[in-house]
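Asks: Given chain W, work out where chain B should sit, using these hints.
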Amino acid sequence: MLISSCPLIWRNWDEDEHVLYHCGTGDTHVLNDLAAELLALLETESLTARELADQSAAMFCIEPDEIFHQNVAAALAEFDELGLIEPQP
Amino acid sequence: MIISELENEDLIRRFRGEGLYYRVGPFLIRGRSQLDNASRGLASLYADFPVAGPDEITDVDYVLDKCTFEFNRFNLILDGRLQYPRIFRRLAVPFVEWALNLSVILGLHRFFVLHAGVVERGGHAAIFPGNAGRGKSTLTAALVSRGWRLLSDEAALIDPVDGLLHPAPRPISLKNESVELIRSFAPNARMGPSWPGTMKGIVSHMIPTPESVARALERAEPAWMIFPMYTPGARPEMRPLSKARALVTAGQQAFNYNLFGRRGFEILGNLIDACDCYEFVYSDLDGAVAAMNSLTLTTSAAREVSPVNAIEPEHFR
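If you read the protein sequences in the order shown, they are chains W and B. Using my numbering, read the first sequence as starting at -2 and increasing by one per residue. Using my numbering, read the second sequence as starting at 34 and increasing by one per residue.
Since the hints were derived computationally from the structure, they do not count as laboratory data. Nothing here was measured: the structure is a model prediction, and the numbers come from that model. Treat the hints loosely; a few may be bogus.
Stated by the list, open to error - Derived CB-CB ranges, DEER-like: (1) W/78 with B/251: 46 to 52 angstroms; (2) B/296 with W/42: 36 to 42 angstroms; (3) W/80 with B/273: 28 to 34 angstroms; (4) B/86 with W/75: 54 to 60 angstroms; (5) B/250 with W/42: 48 to 54 angstroms.
Said to hold, decoys possible - So the derived list for chain W, only partly shown, Cβ under 10 angstroms to chain B, looks like this: (6) 4; (7) 6; (8) 8; (9) 10; (10) 12; (11) 13; (12) 14; (13) 23; (14) 27; (15) 28; (16) 43; (17) 44; (18) 45; (19) 57; (20) 58.
Claimed, not checked - Footprint (simulated), chain W over chain B, 3 or more residues, beta carbon under 8 angstroms: (21) 137 to 144; (22) 279 to 286.
From the three backbone atoms N, C-alpha and C, an ideal C-beta is built for every residue, glycine too.
Here chain W stands alone, though its shape is the one from the complex (with noise of 0.2 angstroms):
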């Protein structure tokens, strides 16, 4: 997976949802600390669900279980949708 090519604006303050404006579709997305932190490590590198889900489990020390993979699934189909990551083959 990689990050979209156009730039993600963040807006954080100590809450558990965060906002995000997307300069490629003018979109403005508030997260939860999950989807949050999956944009965060893709802006880092390109990764692949299966390193997604474990870096992220790691960031909230907690194992990655079958639903939490699910949870990163169902996030990354809706990134995918809103044009905020862009899936490499």
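Replies: Then chain B, alone, in the frame of chain W:
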């Protein structure tokens, strides 16, 4: 000179001729009209506003033009474009007000504009974004009648450079039940006539206080972003709102968010940074004003001024 100081003959001559130029906060408006009753009606709503000369750049230009062969109708031309054709003459004043809203909202992009009421007290401004029907104009009018300064009942004009709020204190447009609600809540408030039969029902305008007009070039710091929810029968309740939610909800009320693009996101983010954010459920106006006054004593903007205030009013949960 202010508009009320013009002799009737002079007023009509200007409206019928090169135009009456008047200033509303940062805007210079030029009005021309062949309908003398409408001219006098507009002049009474804007009685305290300064008359300007024709030698400056005009921001908004409207013309009330008679319809040929239709004595009881007129055309409203806004900024050179036929905006409202064949309107009944008796509704000229409310249509001019809507035209001015349109021009400010759609045409003046030197400000970042939110659909919101704005009032100020002690240098700190409360912004009430919301669609029609949420009670922002009613709440704005109630607060102004109790000493808050009016910046606008329709548009928060945010300076894109420093984030301060510019006033444009035009008459507050009240509709339907709100008209009687404010008449009984603030019997001393100056109200214009009621206009039944408009596309929004009965409309009447609360005339801004002379203080609000006199301070129309005095900008204010944003301090509170409050999303009003008029709910009949509800007790006033100020519910803290996350800044993330406030940003996204306010963004939906920004007329030129897409036009500003990334810069709009940054302006809005800075605005939210500066504000304590709430949803505000209210019904009776005494309770609403009390809750707003309490807010000025307890939140971060107030603490900058008066660190000793630490009361916790019952409206806060």
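Asks: None of the hints should be skipped; say for each whether it holds.
Replies: Now the hints, each set against the structure:
no.: 1; hint: W/78 with B/251: 46 to 52 angstroms; verdict: holds (47 angstroms)
no.: 2; hint: B/296 with W/42: 36 to 42 angstroms; verdict: violated (29 angstroms)
no.: 3; hint: W/80 with B/273: 28 to 34 angstroms; verdict: holds (33 angstroms)
no.: 4; hint: B/86 with W/75: 54 to 60 angstroms; verdict: holds (57 angstroms)
no.: 5; hint: B/250 with W/42: 48 to 54 angstroms; verdict: holds (52 angstroms)
no.: 6; hint: 4; verdict: holds (8 angstroms)
no.: 7; hint: 6; verdict: holds (6 angstroms)
no.: 8; hint: 8; verdict: holds (4 angstroms)
no.: 9; hint: 10; verdict: holds (4 angstroms)
no.: 10; hint: 12; verdict: holds (5 angstroms)
no.: 11; hint: 13; verdict: holds (8 angstroms)
no.: 12; hint: 14; verdict: holds (4 angstroms)
no.: 13; hint: 23; verdict: holds (6 angstroms)
no.: 14; hint: 27; verdict: holds (5 angstroms)
no.: 15; hint: 28; verdict: holds (8 angstroms)
no.: 16; hint: 43; verdict: violated (24 angstroms)
no.: 17; hint: 44; verdict: violated (25 angstroms)
no.: 18; hint: 45; verdict: violated (29 angstroms)
no.: 19; hint: 57; verdict: violated (19 angstroms)
no.: 20; hint: 58; verdict: violated (23 angstroms)
no.: 21; hint: 137 to 144; verdict: violated (count 0)
no.: 22; hint: 279 to 286; verdict: holds (count 3)
When held up to the earlier numbered hints, the structure conflicts with 2, 16, 17, 18, 19, 20 and 21 and fits the remainder.
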